[in-house]
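So the sequences go chain by chain: V and R.
Those letters in the first sequence? Residues 1 to 532, by our numbering.
Those letters in the second sequence? Residues 533 to 717, by our numbering.
Check the hints yourself; a few may be wrong.
[What the hints assert, rightly or not] Chain V side only, calculated, beta carbon under 8 Å to chain R, not exhaustive:
hint, residue
1, E105
2, V106
3, N108
4, N111
5, D112
6, R273
7, P313
8, R316
9, I448
10, G449
11, P453
Hints listed in this document are in silico derivations from the structure and should not be mistaken for laboratory results.
Computed from a predicted model, the values in this text were never measured in an experiment.
Each residue gets a CB set at the ideal place from its N, CA and C atoms; glycine is no exception.
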Amino acid sequence: MATSFGSCRLQRYWRWGAVLRPKHDQQPLRLAAATTTSASVNVVLIRTLTRKVAIVGSGPSGCYTAKYLRAAWDKNKEDGEIDVIERLPTPYGLVRYGVAPDHPEVKNVQNDFDALFEKEGINYYGNVQVGRDVSIASLREIYDAVVLATGCQSDRRLGLEGEKNYSNILSAREFVAWYNGHPDFVHIGEKVQAALGGPIDEDKVRDGVSVVVVGHGNVALDCARVLAKGGKGLYDTDIASHVLQVLGNGVAHVSIVGRRGHIQGAFTIKEVRELVNLQEEGFAVSFVVREEELDMGATKDSLEELESAAGRPKQRINKLLRSAAAKKLDDNQPKRVDLRFLLSPSSWEPSADDPSRIEALVCERTRLEGHACAQRAVGTGEFERIPAHLALLSIGYKADPMPGLENHFDFERYTVRNERGRVERPLDGRLGGLYVAGWLKRGPSGIIGTNIPDAKETVASILDDLGSLEKWNEREVDLLSLLQEKGIQALDWGAYRRIDEKEKMHKRAENQPREKITDMKELIKTALHSSA
Amino acid sequence: MIHRIAQSAVILRRIKPPGGVVVTPCYYSIWKKNVPHQFDRTPKNAQTTTTTGIRWHGGSAVGADAPTIQVTFIHPNGTDRSVVDARIGETLLQTAHRHDIDLEGACEGVCACSTCHLILPSAMYDNLPEPSEDEEDMLDMAFGLQETSRLGCQITVTPEMDGVELRMPAATRNFYVDGHKPKPH
Numbered sequence: 001m002a003t004s005f006g007s008c009r010l011q012r013y014w015r016w017g018a019v020l021r022p023k024h025d026q027q028p029l030r031l032a033a034a035t036t037t038s039a040s041v042n043v044v045l046i047r048t049l050t051r052k053v054a055i056v057g058s059g060p061s062g063c064y065t066a067k068y069l070r071a072a073w074d075k076n077k078e079d080g081e082i083d084v085i086e087r088l089p090t091p092y093g094l095v096r097y098g099v100a101p102d103h104p105e106v107k108n109v110q111n112d113f114d115a116l117f118e119k120e121g122i123n124y125y126g127n128v129q130v131g132r133d134v135s136i137a138s139l140r141e142i143y144d145a146v147v148l149a150t151g152c153q154s155d156r157r158l159g160l161e162g163e164k165n166y167s168n169i170l171s172a173r174e175f176v177a178w179y180n181g182h183p184d185f186v187h188i189g190e191k192v193q194a195a196l197g198g199p200i201d202e203d204k205v206r207d208g209v210s211v212v213v214v215g216h217g218n219v220a221l222d223c224a225r226v227l228a229k230g231g232k233g234l235y236d237t238d239i240a241s242h243v244l245q246v247l248g249n250g251v252a253h254v255s256i257v258g259r260r261g262h263i264q265g266a267f268t269i270k271e272v273r274e275l276v277n278l279q280e281e282g283f284a285v286s287f288v289v290r291e292e293e294l295d296m297g298a299t300k301d302s303l304e305e306l307e308s309a310a311g312r313p314k315q316r317i318n319k320l321l322r323s324a325a326a327k328k329l330d331d332n333q334p335k336r337v338d339l340r341f342l343l344s345p346s347s348w349e350p351s352a353d354d355p356s357r358i359e360a361l362v363c364e365r366t367r368l369e370g371h372a373c374a375q376r377a378v379g380t381g382e383f384e385r386i387p388a389h390l391a392l393l394s395i396g397y398k399a400d401p402m403p404g405l406e407n408h409f410d411f412e413r414y415t416v417r418n419e420r421g422r423v424e425r426p427l428d429g430r431l432g433g434l435y436v437a438g439w440l441k442r443g444p445s446g447i448i449g450t451n452i453p454d455a456k457e458t459v460a461s462i463l464d465d466l467g468s469l470e471k472w473n474e475r476e477v478d479l480l481s482l483l484q485e486k487g488i489q490a491l492d493w494g495a496y497r498r499i500d501e502k503e504k505m506h507k508r509a510e511n512q513p514r515e516k517i518t519d520m521k522e523l524i525k526t527a528l529h530s531s532a
Numbered sequence: 533m534i535h536r537i538a539q540s541a542v543i544l545r546r547i548k549p550p551g552g553v554v555v556t557p558c559y560y561s562i563w564k565k566n567v568p569h570q571f572d573r574t575p576k577n578a579q580t581t582t583t584t585g586i587r588w589h590g591g592s593a594v595g596a597d598a599p600t601i602q603v604t605f606i607h608p609n610g611t612d613r614s615v616v617d618a619r620i621g622e623t624l625l626q627t628a629h630r631h632d633i634d635l636e637g638a639c640e641g642v643c644a645c646s647t648c649h650l651i652l653p654s655a656m657y658d659n660l661p662e663p664s665e666d667e668e669d670m671l672d673m674a675f676g677l678q679e680t681s682r683l684g685c686q687i688t689v690t691p692e693m694d695g696v697e698l699r700m701p702a703a704t705r706n707f708y709v710d711g712h713k714p715k716p717h
């Protein structure tokens, strides 16, 4: 009978222990180091392997997965290493680069995630791109489980004729990343500025300038609100400084268009309320909703949707929009946001002076057909021309398969095929399992909190699989040595903290939470610099 | 002591026990590897200085000497129960966190998310002041929303709440913010 300092059932943690066992007891041990023989016992120094899990992506889905995995191991008195691998130098994905600058309280979740790296011993590897610097296959050779939580790097397009060639049609995703200071999207500023008419004084409204935003989700409403408030209205936020001279004090006219009605709108009430309240809050923006469009959207089946179990949020939105439509329009405001419904984009109208740009979006009026919760927009043959100096498409983020993932990718829904988060089971002793969490798993829907049940489900699948493994990877290398071989400089948590501290020190306004560093080289330089 | 031996241990020979597990010789230090770059695996419970910055926290700090009542949190699985003391004046979210109950508070209690969602008994719900417009807006996005749902960070503990049972909603697989199940359009 063998006894040891550690669990001899070898739950899989690397540590030194000694096993005393009778010489004739030749059960296979997982790994053995030095042995001595003496009398009737073998004293064997053993090492047992740590469970290792890699999470690719440090956005909300990746961080919640790390959090619940660590919590589950703590609860079961098990141990393991969790490595979070992030492409950018800074973590947190869309919490940092997607949430609007005037929603700072939504970013509080970063403090919760900070604790993972500072207190829970989860390792951070920034500036490492999986798919380019290290492959999914190599990760699976080192880790017992690899979780992909990389979200969406692309977007859906309308696909109207000529769309790809016009220089003043951008995706909302690029626009948001730009105003949030994402280092890969700094170049978008040039395009926005050219579309809106050159640089402008921070205090001046862009008179006579129109922007059309296509889409009825929160991202579309965020874009409209940021365009209307302008850099000036967002000066005290963490909006990137390069936005100030491009947006000035806001653009004169923003139209938000979508093909279905207000009851189908994917936006949530908080964002609608913010648009309604812009004027009252002193941003000099009037908000317009047309009563006729609300009436047209109040079909029998849509009203049924209001009465359904999930109808409560929609009822409140309906009430809010009705009261906004009933208010008399204040024409004295220099800026205006129009929330339009039942208009389906039909064609881009090129500018007469410069055919490489559009000057309007032509939309077809639609009506709703179909059952409740399945209402479809059908064209009526009537068209409306919406002038636009800049168009932003906000009809959905989209994931692209990274190298190695093509076989598992669902090219219709743009997600990775999975069963409760599991993509591939681990191969005993050879390859760790493959899992997904977040938008890559369920598509680009939901809010930060939606990743909570999502991550819990993926973690449950991981624990199931780890629990039933009989043999473990021998693994002789770890991620750092793999990266060092290739000359990739990974940034650890301390490196990110240096960026964090610097951003909080060098602010343009006292009330700013931070002034983001937007240049990639400067981010890395700050990260590696060890002194103040 | 054994660590020192371990640190310098070298496998003497390849061992191949019956059963076919091959043991590979190697030399392995249990201490951190020396790496040329500043890479550092943060050990558990590392002391780090907290940075100051603009943070918004919900709920006032209620001292340990405050009078308490008893409340029960029913976990999402419907069966596990935690009977704990709640201090008068703190929020239910603070109560949960003080007792390490698994109630998320992503926005740190400032009514900017719906993760601290609790389902109250009707009697308690009816006796509370109406939720603010902000709280209603956030509740719209909560998963598993019920008639008597409230946000834990918006409810202050009062003596009348003694003995209440608070249900934590079961996570559902429906991931749309408004509970909607989409059909193709």
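Hint by hint, here is what the structure shows:
Proximity of E105 (chain V) to chain R holds as hinted, the smallest CB-CB distance being about 4 Å (cut-off 8 Å). Proximity of V106 (chain V) to chain R holds as hinted, the smallest CB-CB distance being about 5 Å (cut-off 8 Å). At its closest, the beta carbon of N108 (chain V) sits 4 Å from a beta carbon of chain R; the interface hint therefore holds under the 8 Å criterion. Hint status for N111 (chain V) relative to chain R: holds, with the closest Cβ pair at about 7 Å, below 8 Å.
Interface hint at D112 (chain V): satisfied, since its Cβ lies 6 Å from the closest Cβ of chain R, which is below the 8 Å cut-off. Hint status for R273 (chain V) relative to chain R: holds, with the closest Cβ pair at about 7 Å, below 8 Å. The closest approach between the C-beta of P313 (chain V) and any C-beta of chain R is roughly 4 Å, which is under the 8 Å cut-off, so the hint is satisfied. At about 6 Å, the closest approach between the beta carbon of R316 (chain V) and any beta carbon in chain R falls short of 8 Å, and the interface hint on this residue holds.
Proximity of I448 (chain V) to chain R holds as hinted, the smallest CB-CB distance being about 6 Å (cut-off 8 Å). Interface hint at G449 (chain V): satisfied, since its Cβ lies 4 Å from the closest Cβ of chain R, which is below the 8 Å cut-off. A distance limit of 8 Å between C-beta atoms decides the matter here; for P453 (chain V) the minimum to chain R is near 3 Å, and the interface restraint holds.
Going down the numbered hints, you'll see the structure goes against none, and every one checks out.
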